[in-house]
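Trainee: Go by the hints and put chain B onto chain A.
There are 2 protein chains.
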Amino acid sequence: VSAPLTIALDAMGGDQAPQMVLEGANIARKRFPQVRYIVFGDEQRIRPLLDRSAGLAGLCTVRHTPDAVASSDKPSVALRTGRRSSMRLAIDSVDAGEAAGIVSAGNTGALMAMSKIVLRTVPGIDRPAIASYFPTLRGESVMLDLGANVVCDADNLVQFAVMGEVFARTVFGVSQPSIGLLNVGSEEQKGHEEVRAAAAQLRGTDLPIRFHGFVEGDDITAGTVDVVVTDGFTGNIALKTAEGTAKLYSEFLRGAFRSSLVARVGYLFARNALNKVRKRTDPRRYNGAVFLGLNGVVVKSHGGTDALGFANAIGVAVDMAVNDFNNRIRDEIAHLHASTAAKPQAVTG
Amino acid sequence: VSAPLTIALDAMGGDQAPQMVLEGANIARKRFPQVRYIVFGDEQRIRPLLDRSAGLAGLCTVRHTPDAVASSDKPSVALRTGRRSSMRLAIDSVDAGEAAGIVSAGNTGALMAMSKIVLRTVPGIDRPAIASYFPTLRGESVMLDLGANVVCDADNLVQFAVMGEVFARTVFGVSQPSIGLLNVGSEEQKGHEEVRAAAAQLRGTDLPIRFHGFVEGDDITAGTVDVVVTDGFTGNIALKTAEGTAKLYSEFLRGAFRSSLVARVGYLFARNALNKVRKRTDPRRYNGAVFLGLNGVVVKSHGGTDALGFANAIGVAVDMAVNDFNNRIRDEIAHLHASTAAKPQAVTG
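From first to last, the protein sequence lines are chains A and B.
Numbering-wise (this note's numbering), the first sequence opens with residue 18 and increments by one.
Numbering-wise (this note's numbering), the second sequence opens with residue 18 and increments by one.
The following block holds chain A by itself, in its conformation from the complex (with noise of 0.2 Å):
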């Protein structure tokens, strides 16, 4: 865990940027202390910023880049355009080996676009997926995919099945992750082809995948597996109803506690509990979704987020490197083609 290891960092992503990258840097150098930083970004307004910090002046490499992609940008058009941007070359950094991951709070199509294109995808991957993981009843899981991929075969779910499976194993440290598929129901015959087909590979597969089957909308919170994998239009809408739905409790409970004085009065008792509650479901806290399936470590913060947020990207993207999470995916996914060729009746299932 000490070993010297190099982060690239898209200094021009985010609402906030280059300001909240490089604060954040700034919160993760004592968390991570062995970790250095490619800065990529337009240096006249990087220098100032590192020159409050000699601490963290002192970890950073700074590449000025001319351009920068903007949030409006379609992907189609990064990538075209965007040769000479702070995303690009800081993913160029991972291709050519000088850093170990990279971390942007840039536009997530645009990333997910050039991460493919430079990185492309591990052997046995046909799509990269989105991950992250966020608060349940029975502490942390992970769900994928949840926005890369808005339609999804079979072979696809299957593969998002087995990388969450090693993101849950090298990253969490669970020893032997459940899985679940997300569904209208748990009874074999609910959902449409695609979900079904994936249950039966799952079930058909010798894999070492502890498969529990279909879950629910409310097993995600309930934390009843430990992955949950879904297509991509399916998972992107279930993360952010959950976001507002936790948005509209937190508002209501606001709106409570100002409605009297004997409200007001319980809240000043009630505070250190309640803010105990707001850090433990604060989205900073989960802040760093992760692009799995790659030949690099790629994370994509929340564009609006702080420096406490992006300081825990860049606390994934470490985590990601240090558990060597892309060669475990590769072993991973040959020893499913190795057994789904030797069983191909499980394939069509």
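Possibly wrong hints are sitting among the right ones.
Treat identical chains as interchangeable: a pair holds within one or across any two.
Under the rule of at most 30 Å between Cα atoms (straight-line distance), these lysine-lysine pairs were calculated in the DSS-like manner [unchecked claim]:
1. K293 <-> K47
2. K91 <-> K207
3. K207 <-> K133
4. K91 <-> K293
In short, the hints are calculated from the structure, not lab data.
Mentor: Relative to chain A, chain B alone:
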């Protein structure tokens, strides 16, 4: 509103049936004094419950039914073998014009299958949808489909939009409800083919519909639109994800208030305010999912609800019958078809 109205009750559906059903009717009769009930089920179990309330007994006609649909029955099995079940005979009474609507807390799949066979869909509606309303930061909204149709094409989604609009207008009393299509982003090119084609149709329609465009998962509880339209797979998962997240939040809160003596004191002061939040987010308050698009009012209560929740489901059926929901749907759908016949390019959008 004071004209007499008859509602058919499936007394045998739900975890606590028939007691919960009759206690629910007993709560509902005070709110809706004009309503009479036909109670379908095991007379030997129903009579003693009615004997407890002379007021309720005077409003009820009991129809003994020898069978009941089990919650584990497959819809196809229930259809074949459940012709003398309380659920089926209650639906038949709506078809015969004896009752204005039916409320059941039984097997959802069986209720939908039987309702489709007996009541049939409104002309111009290809498939019925399940709709429910829920709390938001801006009042209440309605979402559909919540699980009747796992796979939907663009025409289905457009029909759901029209039905949801009429529901919000007639049952909520919103004068010009806004409609949103659930998607993974608000830009026109986002999402899969079906949602994009449905959006094109809704933008092109001559109907007096206020189409907002795409909405995302967090817009559901933000109350961005009055009607959220989606396929039954996504809608079911979004609904259950929201329920699960609310539960997670309230469990975290409960834990926090128990975490110290000071927090317990705070709870005592804040109790009234917290109870207000609990009431506002109480699932029983939003109990009663409606099956839209059928020639008859069908309301599905949650199977695990109590008498208060069941009374609310009865209230939804009463609202729909009183507001003549089904005739308004019929008119609106006729307009939709006149509109798309005149503008065929909108259909292929």
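Trainee: All hints are to be evaluated individually against the structure, with a verdict given for each.
Mentor: Cross-check of the supplied hints:
1. K293 <-> K47: within (23 Å within a copy, 43 Å between copies)
2. K91 <-> K207: between (36 Å within a copy, 11 Å between copies)
3. K207 <-> K133: between (33 Å within a copy, 19 Å between copies)
4. K91 <-> K293: For K91 and K293, the Cα distance exceeds 30 Å both inside one copy (40 Å) and across copies (45 Å).
Consistency with the previously given hints fails for number 4 only.
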